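Okay, here's what each chain looks like letter by letter:
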Amino acid sequence: MTSTPLAHGTPAPDFTLHSTPDQSVSLSDFRGHNVVLVFYPADFSPVCGDQVTLYNQILPEFRRLDAEILGISVDGVWCHRAFAEARNLHFPLLADFEPKGDVARRYGVYREKDGITERALFVIDGEGIVRWSYVSPVGVNPGADGILEALEGLHADASHPAGAGR
Amino acid sequence: MSAQLRPAVGADDHAQGPADAPVTLVEYGDYECPHCGRAAPIVQRVQQRFGERLRFVFRNFPLSEVHPHAEHAAEAAESGGAHGREPGFWAMHDAIYAHQQDGPRALGDARLAEYAGEAGLDGRVVLEDIRAERFADRIQRDFMSGVRSGVNGTPTFFINGFRFDGSWDEAGLVAAIEEELSAASR
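Just so you know, the sequences run in chain order W and H. Each residue of the first sequence is one higher than the last, beginning at 1 in our numbering. Each residue of the second sequence is one higher than the last, beginning at 1001 in our numbering.
So that you can see chain H by itself, here it is in the shape it has in the complex (with noise of 0.2 Å):
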């Protein structure tokens, strides 16, 4: 069984990279999932090493019910990309993710507020987004996205349209992915 990622990448999805780029990979996260964090630098990277040749793409998957902070977490991402477009988003999501573990209140509604502000954001209205759930219909849609392409926990990724299987450490996904672009050269 092989999953397959529907829909498709699209003009809503939050990416980095070249919309032609050979090898799309699609991250499915939580914000609070350990796990998680320990792929953002892997990611990061990976993405360092492709360059061009790779467009990687967040879509949000948050556990509520094992992560009390993930959803909240979400919303502050994605008010951070309708306040600072996808930049803003990008900032929100390396900076959640590089505090996730800091401790208890990390990912509390007033610090992802402040890491809003040093994203050059306005702290008060991401946490007036984050407290109305205002994202809460697109995060929902991204999880649903998730549950029918075959995510089974996170982080889930997707390798030009195909579940990645594989171990996410930085050789894995490396290896994968130069797989698909020698594919793609042929």
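Isolated chain W (complex conformation) (with noise of 0.2 Å):
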């Protein structure tokens, strides 16, 4: 068992890693976006790859939603990138490289036992805050239909300062 993946309307943990040998990037960019975090197990394997090749194919969806998708996983920065050329990715994959596991296991939803992530969905909004969360069995992909309920939850939610509009 791993441990509990962070509660909805906790504070997301802020994090700093790298998407290049040469670029960083923080949680805390997005603050007034809604991110969607995408934690996965490893490039490359064929049930990541569709999943992330999903999730690029429906970016606009993303963006209509005033969201940023970033995927996460504890591979590093230069697989990382043979990885987004291969399967042509528009969005940033981040290295939970070193120390390897860190935001994974903040988040709650690190594998000690076969160190790599669970394959986790978080849902955060524009002031920082979990708002959804999905762990899927490790072999499942879980598709988007979950996570676009719960941008359009937040999206329909008045209290919710709006981003960019529709």
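Not one of these hints is a red herring.
Simulated restraints, written as ranges between beta carbons of each label pair: (1) H:P1041 to W:E127: 49 to 55 Å; (2) W:D14 to H:E1052: 57 to 63 Å; (3) W:P13 to H:P1087: 53 to 59 Å; (4) H:P1034 to W:V140: 18 to 24 Å; (5) H:Q1101 to W:D22: 38 to 44 Å; (6) W:P99 to H:G1010: 48 to 54 Å.
To spell it out: a stretch of chain W is covered by chain H in this simulated footprint if at least three of its residues, at any positions, have a beta carbon under 8 Å from a beta carbon of chain H; those stretches are: (7) 54-65; (8) 141-154.
Derived from the structure by calculation, the hints contain no laboratory data. From a predicted model like this one, the values you see are computed outputs, not experimental measurements. The beta-carbon is built from N, C-alpha and C at its ideal position, and this holds for glycine as well.
Make one complex out of these two single chains by using the hints.
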């Protein structure tokens, strides 16, 4: 068993991770916008491939819902680069590489025994609060329907400050 | 989480087999996806096995970021359906999957038009439709219905409205369909 994923309503821990050999991304960069954090076990494994390909294909839907999508795995930046080029990805893949799995641990989705992250999704709102999460069985691609519904829930919430509009 | 097909199969869908068949198998497929190419003859054998007890529906799920020809191939099949009704659609669907692995140009626009000609359609009209992306809205509607239904790669199958997460080899599909048939006869 792994630890419990961060509960809804809790502030999402900030982090700064490399997205390329010379660029880093911080969660706080996206304050004011929704963020979808996609933890996945490994670049190039067949299920992850389908999962990121699907999210890449529906980036316009995520943008429409004022959401940025960030992939995270324990793979290093060079591996991420090769994976992103192979799949023609247009969103960042972050390297939770050193200390290995540190961010995944803080989100409660690190598999200590296997040395990889769970296949876990988090939707974080513009104020940095976790609003939805889902941990899929590691071999099952969770698809995108749950994420889109969660984002639409945020969008419909009138008390939430609107981002880029619709 | 058992992902459910939405919207349900309707009059707009491309279907083979009786509308009142006890089992409906829906595939979300990409014409350039090699796995879908492998699935095509499997589905045909499953259709032959169950005959009138099975309805098969195909919905478009082109992953154009990884498959640059998938969108135009989907356009070609839809064009076949528009000009040759359902037989035109299925002739194109089958031809595209049959030729998918012929080579790097197998799904180029020129070849798609040739397949249309071989299917008894007007290849020039199909080519015009492809270039005008005349069916883009319909393809996108199929695609988004798949996203909403929990499609997580291609091919993804639904059996009587629920995502089939088992192995889609012939034995796996046959077993799942037989289970539905025995549930329906109870």
